[in-house]
Structures are given as structure tokens and as C-alpha cells.
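Chemist: Whole structure, please, built from the sequences with the hints as guidance.
Residue numbers (our numbering): 19 to 315.
Keep in mind the hints are simulated off the structure, nothing from the lab. In this text the structure is predicted, and so the values were computed from the model without any measurement. There could be a bad hint or two in this list.
Taking lysine-lysine pairs in the DSSO-like style, the calculated list, with each CA pair at most 30 Å apart, reads [stated by the list, open to error]: (1) K274 <-> K179; (2) K274 <-> K235; (3) K179 <-> K235; (4) K226 <-> K236; (5) K255 <-> K179; (6) K290 <-> K154; (7) K37 <-> K154; (8) K211 <-> K235; (9) K170 <-> K309; (10) K255 <-> K272; (11) K179 <-> K37; (12) K226 <-> K170; (13) K211 <-> K179; (14) K154 <-> K226; (15) K170 <-> K235; (16) K37 <-> K290; (17) K211 <-> K226; (18) K170 <-> K49; (19) K309 <-> K154; (20) K272 <-> K164.
Here are the simulated distance ranges between beta carbons [stated by the list, open to error]: (21) F167 <-> G116: 18 to 26 Å; (22) K49 <-> Q233: 17 to 25 Å; (23) F261 <-> E176: 20 to 28 Å; (24) K290 <-> Y223: 20 to 28 Å.
Glycine residues also receive a C-beta, built at the ideal position from the N, C-alpha and C atoms.
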Amino acid sequence: MQPDFLKDGDLVYIVSPAKKIEANKVLYARKLLQSWGLEVQLGRGCAGEHYYFSGSDQERIDDFQSALNDPNCKAVICTRGGYGSVRIIDELDFSGFGQSPKWIVGFSDITVFHSHVTTNLDVQTIHGTVPLNYNKDEESVETLRKALFGEKISFEIEPSKFNRSGTARGEVVGGNLSIISSLTGTNSDIDTKGKILFLEEISEYGYKIDRMLWQLKKAGKLDQLAGLVIGYFTDIKQSVDVFGMNWQELVLEKVKEFDFPVLFDFPAGHEKRNLPLYIGREADLTVTAQKSTLTYG
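Modeler: The following block contains the structure:
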């Protein structure tokens with residue numbers, strides 16, 4: 019199910035379901051969203067602080083629930099990732115949201131929401147840049163605006179020597195590898211059969227990347243993919259030292275017996291350039307030696 023695309027005058031909420039964020043980042047985001055013609059409601063604790071988090075679990079639940087319950091709210095903008103979404107996801111009531119969906123936007127730890135919502139409610143979300151980073155890359159912010167307002171977005175990606183050629187069509191699912199692997203076997207687990215799986219990661223050791231990929235493989239998450247899209251794997255440590263392989267080769271090792279296309283270097287994840295992906299929406303993936311494209315219909 020696709021939430022309505024935004025239009026001038028629509029109301030959006032800014033909330034912080036995980037790690038705390040500086041108030042000036044929130045205010046910058048509000049001003050930016052207002053410049054798009056949107057009305058902006060700040061969650062009561064979106065710039066709060068409770069140790070590592072933006073608020074206690076209950077405070078973060080209440081903030082997110084307010085956004086879900088407001089019939090006028092058309093999008094829920096998460097300020098950042100970090101950690102904390104899994105602590106509150108099962109305490110949220112999505113019953114009204116399923117009848118009147120709205121966009122949930124974010125990445126990293128917000129993968130918890132992407133996975134839970136697409137799996138349990140069949141509602142599309144947007145994996146994209148967050149207020150923490152709105153001042154870092156104009157292209158990422160502008161492309162997010164296009165995605166929210168329903169303007170066509172498509173991506174042409176420079177070739178990588180690690181790519182595996184082919185074509186695929188399927189729903190895009192996924193997000194942060196650590197989160198996806200941690201949700202395996204839970205009520206927020208994702209279905210990957212016939213789908214295009216997107217993965218990104220940051221600041222992990224090579225052996226942890228290897229272990230998480232094996233977990234996905236052993237759980238059957240890689241067997242029947244339509245395609246695999248790999249975003250940024252930022253600051254991956256000690257892969258070659260341990261395995262004699264870089265992290266890209268660790269990925270390819272897990273899918274060598276399959277024939278679906280594999281695209282590396284998609285510009286999404288923990289870098290300044292973080293372009294949006296609709297999660298739960300069908301896309302066409304083409305990977306060739308010259309160039310690769312990902313296009314939403």
C-alpha cells in the first residue's frame with residue numbers, strides 16, 4: 019500500500035525514536051521542510067535527552083504514537099538512527115496507520131520501522147536521509163523531496179568490478195545489515211522471496227559482516243532473491259587481514275550459486291550522499307558492465 023504523496027500544505031511530524039539529536043539540527047530540518055510548503059509538528063521529545071536516547075522508552079513511544087494517530091499527518095520524519103527503535107516497535111499501535119498510512123522516513127536504526135511496517139502492514143516507506151544530515155548534501159535532500167512529493171526518481175550507477183550483470187523486477191526491501199540480521203525470526207522479519215534486497219552497513223569488522231551474511235543465507239533470505247543491491251559499507255575493518263578477501267568478496271561468496279544480478283556502490287547509507295529508496299515498492303534493476311540502473315515504475 020502506498021501512502022499519499024505529499025502536497026503543499028500537508029502536515030508532517032519530526033520525531034526521534036532512537037538516539038538523541040542536537041536541537042539546532044531539528045530546527046534546521048523544520049525550516050527546510052517548511053520551505054517545501056509543508057506544515058511541521060515537532061514531537062514533544064524530538065530534541066530531548068535521556069542518557070543515550072532522545073527520551074525514555076515511554077516518551078519515545080508517546081511521540082511516535084501521536085504521529086501515527088494524527089489523521090492529518092502525512093509523513094513521519096525520523097531525525098536519526100543510532101539505536102532504540104527495537105525497544106519501542108512492539109509497543110506502538112499501528113491499527114489506525116494500516117487504514118490511513120503515512121510515509122515513515124529514515125535509515126540505519128529506522129530499518130526496524132521499514133521492516134516491521136512492510137512485513138506486517140504492507141505499507142511502503144522511504145529509506146533516506148534524515149535531519150541529522152540535511153545540511154550535508156543538497157542532492158540527497160532534493161531527491162528525498164521528489165520521493166515524498168511523488169516526482170519520478172531513477173538512478174544510474176557507475177560500474178563496479180564486483181557487479182554481476184542481469185535484470186530483475188521486484189519490491190525493494192532491506193536497509194541496514196545489522197538490523198536486518200537482528201530481526202531474523204522475529205515479528206519484524208522481512209520476506210525476501212522474489213524481491214530486490216538492499217543492504218548497507220557502517221563501522222563493523224569483517225568477521226561480523228561475514229557472520230551476518232551467513233545468518234541471512236542460513237535463514238533462506240538469499241535463496242530466492244530477484245536481485246541484490248549493495249549500498250555503502252563504510253569503515254569496514256580487518257576484512258582482508260582475516261579472510262584474504264575484501265568485504266565485497268565476502269558478499270559475493272554468499273550468493274555465488276545464484277544467478278540474480280548484484281549491484282554494488284548504490285549511493286545510499288552512511289555517507290553524505292544518501293539517496294532515497296522506496297521500501298516495499300516494485301523497481302526495475304538492470305546491471306551491465308557499462309552502467310546500472312534502478313528505476314521505480
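Chemist: Hinted pair, alpha-carbon criterion (30 Å max): K179, K235. Please report holds or violated.
Modeler: Holds. K179 to K235 sits at ~23 Å (cutoff 30 Å).
Chemist: Does K154 lie within 30 Å of K290 when you go C-alpha to C-alpha?
Modeler: holds (6 Å)
Chemist: Regarding the pair K255 and K179, is the alpha-carbon distance no greater than 30 Å?
Modeler: Holds, at about 21 Å.
Chemist: Keeping to a limit of 30 Å between CA atoms, is the pair of K170 and K49 held or broken?
Modeler: holds (24 Å)
Chemist: Do the alpha carbons of K37 and K290 lie within 30 Å of each other, as the hint requires?
Modeler: holds (19 Å)
Chemist: So if I understand the rule, the pair passes when the alpha-carbon distance is 30 Å or less; does K272 with K164 pass?
Modeler: violated (35 Å)
Chemist: Take the C-alpha atoms of K170 and K309, compute the straight-line distance between them, and say whether it is at most 30 Å.
Modeler: holds (20 Å)
Chemist: Does the structure keep K226 and K236 at a Cα separation of 30 Å or less?
Modeler: holds (15 Å)
Chemist: Check whether the Cα positions of K226 and K170 lie no farther apart than 30 Å.
Modeler: violated (37 Å)
Chemist: Assess, step by step, whether the Cα of K211 is no farther than 30 Å from the Cα of K179, and give holds or violated.
Modeler: holds (26 Å)
Chemist: With respect to the beta-carbon atoms only, verify the hint that F261 and E176 lie 20 to 28 Å apart.
Modeler: holds (26 Å)
Chemist: Compare the distance between the alpha carbons of K170 and K235 with 30 Å, and conclude whether the hinted pair is satisfied.
Modeler: Measuring from Cα to Cα gives roughly 33 Å; hence the hint is violated.
Hint compliance for this structure: hints 11, 12, 15, 20, 22 are broken, all remaining hints hold.
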